[in-house]
Structures are given as structure tokens and as C-alpha cells.
Amino acid sequence: MNRVGLRREDKDRWERRAPLVPRDVVDLVAEDITVFVQPSLMRAFGDEAYATAGAALREDLSDCEVILGIGEIPLDYVEPGATYLLFSHTPKTRAPNRALVKRIVECGATLIDYELITSEDNKRLVFLGRHAGYSGAIETLVALAQKYETAAIRSPLARLEPLHNYRDLDEALSVLAEIGEEIRQDGLDERIAPLAVAVLGYGHVSEAVQQVLNALGVEWIDPAQLTRLEANASRHAIYAALFKEEHMVAPIDSMRPFALSEFYDHPERFHSVVATYLPHTSAVITTYFWEPGFPGYVPDQTLAELAASYCMPMHVIGDITSDTGVCVDASRHFSHALRPFVTALAQARLDALSLDQSGLPRILQRACIVWRGQLSERFDYLQSSLLPE
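Take 683 as the starting number for the sequence shown in the working numbering and just add one per residue.
If you are wondering where the hints come from, they were derived from the structure by calculation, not from laboratory data.
Honestly, I wouldn't trust all of these hints.
Stated by the list, open to error - Calculated pairs, SDA-like style, for lysine to any residue (alpha carbon to alpha carbon, straight line, at most 25 angstroms):
hint, residue 1, residue 2
1, K784, R690
2, K805, D852
3, K784, A957
4, K693, S722
5, K805, E889
6, K693, H771
7, K926, H953
8, K693, Y816
9, K829, I799
10, K693, E1059
11, K784, Y816
12, K829, K805
13, K926, E1059
14, K805, V760
15, K829, P961
16, K784, G753
17, K926, F976
18, K784, L1068
19, K784, Q1056
20, K805, H771
21, K926, G978
22, K805, L1068
23, K693, K784
24, K693, E741
25, K693, F940
26, K805, R873
27, K693, E927
28, K926, L810
29, K805, L845
30, K926, P977
31, K926, Q1056
32, K829, V998
33, K926, T958
34, K693, V760
Construct the complete structure from the given sequences, taking the supplied hints into account.
Here's what the structure looks like:
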């Protein structure tokens, strides 16, 4: 029986999701599968929960035949001969990911991509839903329209309904596209123009929020442009700005330049500067994960001061991921779908000379990009990208 390792995420600082949750570890252990878990302070499920489920906590996963993760693995961490399951984004053939494939080939390892685990009719079977981002962004826009209505201001956004009222996401995005076209043609009430949305954070949930706003046809601007928007903005557009750490915080010592690594190592040296932009926004959607010790990006005191000064047109804050609930739900859904495939991998002959001899189900064979250091037939087109430049 092959041993299974759950690696700690290190590519994205904000990643809290896990491909395998403690409840499914219980089932795997009951099948006599050994599970090792790298300790993590960020994972949505604590180390103790995995230990209670029957996993062994340890740093070294080098003797695990199967290693699970979410994001890509730093090249130096690839173990010779191991089988990796992760989102490699290799099907998109972007250069950084080709480097990962090359490293896995060099190490004689195996790569299976979650994105490629599909049914016979090509429907993905294992995925991390971005429902929170989609529903949160739409709910924020719905709330904004309701705020306008309380002031007797009618806006095209009033046509929008919560996501659960639509047949599927595509139907909601289609309605958003119609609303966006109406705004471009007829414009917004002058009392609510310019309408600007600030999106705080740039992780997975943020990507879903951006997809919703893109369906609306927003015009993306730099956060710094928000403060100058009133002078030259159009009432026939909706504006949106994407905030990263350098836009949300600054060193308390104004003589020091911003450094991302210092912010995460010493958050106490920084303070929020989001208040600079709030008077110029109509809605704020927060998608970042906040934890104690870090500055509050939108402090309550700041909101109270701005409201008292009557200089804040912002009417709605869509707080999507201020707690771990979203990561927990997404991980549970993903893990439940993945667990049968983990069992199949634990029971497979991962040292077989060919995929056909491995005993893996056809679904996993189709999802295999590299088998024991050799590109699978489906991905043979990547061969040229592995040659020295």
C-alpha cells in the first residue's frame, strides 16, 4: 500500500485550502492507508485535527509515494520517483509551469493534475469551487442597488438578483452583461456617478469577483486613480480597482519603503491606508484572509470617522473571506470528490513501467501528464519545451 503525504502550501501566502480534510483522512486510515501531514499554521484545518483523524504529523514526506497539494511545488522540493497530485496549470503551457514539468521529468516523478480528472464527457470531477467569490460579488452589487433604492435612486443594477435565484452562473453573468450594456448606453444617475468598486485582495476568491465584474464590463483602473476619478469619470461606465498589499498598507515609519516580505514577517510595522481611497468608492469587496497581528484593512474607526464627515459615497462592504469558513467548505467539497482517487493511488502499482500496467483507473490515467519521468502521450507536445534553450 502506497503512503500518502499532504504537503504544506508554500507558493501562495494566502492559501488555506487543503486537498484532503481530516474527515476523509479517517476513511483512508480505515482502509489501512498511511497518511502523513506536513504541519502548517495557515491550513484551514489544524494539525491536531489531522492527528486525531489518524494521520501522522511530520516535516519529511520524502518516503511518501503519493504527495497531495493545491498549488505548484517549488522546483527544489520535487522528490525523485514521487507521484504528485496538484493544480500545475500545465495544460495552459505557461513557462513557469513547463519548468515544473521539466523538473518532474528529470526526477523520474509522476504528475497528475486535478484539472484533468474528468468524466467521459469531459466534465471536471475534482475542483475547488469559487462560489464564495461569485455569490459575494453579486450580493454586493444587489445590496448596492438596494441602498440606492432607499434613497429613491433607480439604477440598472436593480435588475440583478442573488446568485441562488439564477439557474446557473452563466445566466447571472448574462444578466450582468445586459446591465453593463444598459449603463454604457443610458448612463447612471448623476447622483451615484462615478460608481467605483474596490476589490481588496488578489487570490482565488478575488479571481471569481473579477470575473463577475468583467461580465458587467467594468473599466479597471489603478487604485491611485480612484482619488482623481471625479474629475474625468463618465457616468456611462463602472470603474473597478484591484488592491494588493502595497495599496492597502504602508510602513508606520514613512521613511521606509514598502517591502512585501517585511509586511508578512513584521505586520506590526505597518498600518492600513485604505481610508485614503474609501471616500472615492461606492462599494468595497474584501477577498483577503485576515488574521490577528495584521492591521485591519478597513478599521471600524475609519468607517465611523468617514461617515461622520459626510464625505463617503461608499454604501456597501462585501466581506467575503474574513474568516476560514469559505476555505473550510471549499476544502471539504474538494476532498470528498478526491478521496476515492486517493484510495486508487494508494493501491496502484506506481512503479509499473507503463500507465497501462499501473492499475490506475482510466480517469486518473487521462489526468497523468508525466509518468515516471516520461511525458504521457496526451502531453507529448510539451517535449520541445523541455529542451535546453
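Quick rundown of the hints versus the structure:
1. For the proposed pair K784 and R690, the alpha carbon gap of about 22 angstroms is at most 25 angstroms, so the pair holds.
2. A hinted pair counts as satisfied when its Cα atoms are at most 25 angstroms apart, and K805 with D852 qualifies at roughly 16 angstroms.
3. Annotation: proposed proximity of K784 to A957 is violated, straight-line Cα distance about 46 angstroms (limit 25 angstroms).
4. Restraint check: the Cα-Cα separation between K693 and S722 comes to about 13 angstroms, which is no more than 25 angstroms; the hinted pair holds.
5. Among the hinted pairs, K805 with E889 is consistent with the structure: their alpha-carbon atoms are about 21 angstroms apart, no more than 25 angstroms.
6. For the given pair, K693 sits about 13 angstroms from H771 by alpha-carbon distance, which is consistent with the 25 angstroms threshold.
7. At roughly 14 angstroms between alpha-carbon atoms, K926 and H953 fall within 25 angstroms of each other, so this suggested pair holds.
8. About 24 angstroms separates the Cα atoms of K693 and Y816, which keeps this hinted pair within 25 angstroms; it holds.
9. For the given pair, K829 sits about 43 angstroms from I799 by alpha-carbon distance, which is inconsistent with the 25 angstroms threshold.
10. This hinted pair does not check out: K693 and E1059 have alpha carbons roughly 29 angstroms apart, beyond 25 angstroms.
11. The hinted pair formed by K784 and Y816 fails the criterion: a straight-line CA distance of about 35 angstroms is larger than 25 angstroms.
12. Taken as a hint, the K829 and K805 pair is broken in the structure, with Cα atoms around 39 angstroms apart against an allowance of 25 angstroms.
13. As the CA atoms of K926 and E1059 are separated by approximately 40 angstroms, the hinted pair breaks the 25 angstroms bound.
14. Simply put, K805 and V760 have alpha-carbon atoms about 29 angstroms apart, too far for the 25 angstroms limit, and the pair is violated.
15. Restraint check: the Cα-Cα separation between K829 and P961 comes to about 17 angstroms, which is no more than 25 angstroms; the hinted pair holds.
16. Taking the CA atoms of K784 and G753, the gap is about 17 angstroms. The hint holds against a cut of 25 angstroms.
17. Under the criterion of a C-alpha separation no larger than 25 angstroms, the hint pairing K926 with F976 is consistent with the structure, at around 15 angstroms.
18. With a C-alpha separation of about 6 angstroms, the suggested pair K784 and L1068 falls inside the 25 angstroms cut-off, and the hint holds.
19. Only pairs whose Cα atoms come within 25 angstroms are accepted, and K784 paired with Q1056 is accepted, the gap being roughly 10 angstroms.
20. Restraint check for K805 and H771: the C-alpha separation of about 17 angstroms stays at or below 25 angstroms, so the hint holds.
21. For the given pair, K926 sits about 14 angstroms from G978 by alpha-carbon distance, which is consistent with the 25 angstroms threshold.
22. About 29 angstroms separates the Cα atoms of K805 and L1068, which puts this hinted pair outside 25 angstroms; it is violated.
23. Taken as a hint, the K693 and K784 pair is honoured in the structure, with Cα atoms around 18 angstroms apart against an allowance of 25 angstroms.
24. For the proposed pair K693 and E741, the alpha carbon gap of about 17 angstroms is at most 25 angstroms, so the pair holds.
25. Restraint check for K693 and F940: satisfied, since their Cα atoms lie roughly 21 angstroms apart, inside the 25 angstroms limit.
26. For a cut-off of 25 angstroms, the pair hint linking K805 to R873 is broken: about 46 angstroms separates their Cα positions.
27. Under the criterion of a C-alpha separation no larger than 25 angstroms, the hint pairing K693 with E927 is consistent with the structure, at around 16 angstroms.
28. Taking the CA atoms of K926 and L810, the gap is near 23 angstroms; set against the 25 angstroms cutoff, the hint holds.
29. Annotation: proposed proximity of K805 to L845 holds, straight-line Cα distance about 22 angstroms (limit 25 angstroms).
30. A distance of roughly 14 angstroms separates the Cα atoms of K926 and P977; the hinted pair therefore holds under the 25 angstroms criterion.
31. Under the criterion of a C-alpha separation no larger than 25 angstroms, the hint pairing K926 with Q1056 is inconsistent with the structure, at around 39 angstroms.
32. Between the alpha carbons of K829 and V998 the distance comes to roughly 8 angstroms, so the proposed pair stays at or under 25 angstroms and holds.
33. Of the supplied pair hints, the one linking K926 and T958 holds, its CA atoms being roughly 15 angstroms apart against a limit of 25 angstroms.
34. Between K693 and V760, the direct Cα distance comes to roughly 13 angstroms. Compliance with the 25 angstroms bound is thereby established for this hinted pair.
In terms of the numbered hints stated before, the structure departs from hints 3, 9, 10, 11, 12, 13, 14, 22, 26, 31, listed from lowest to highest.
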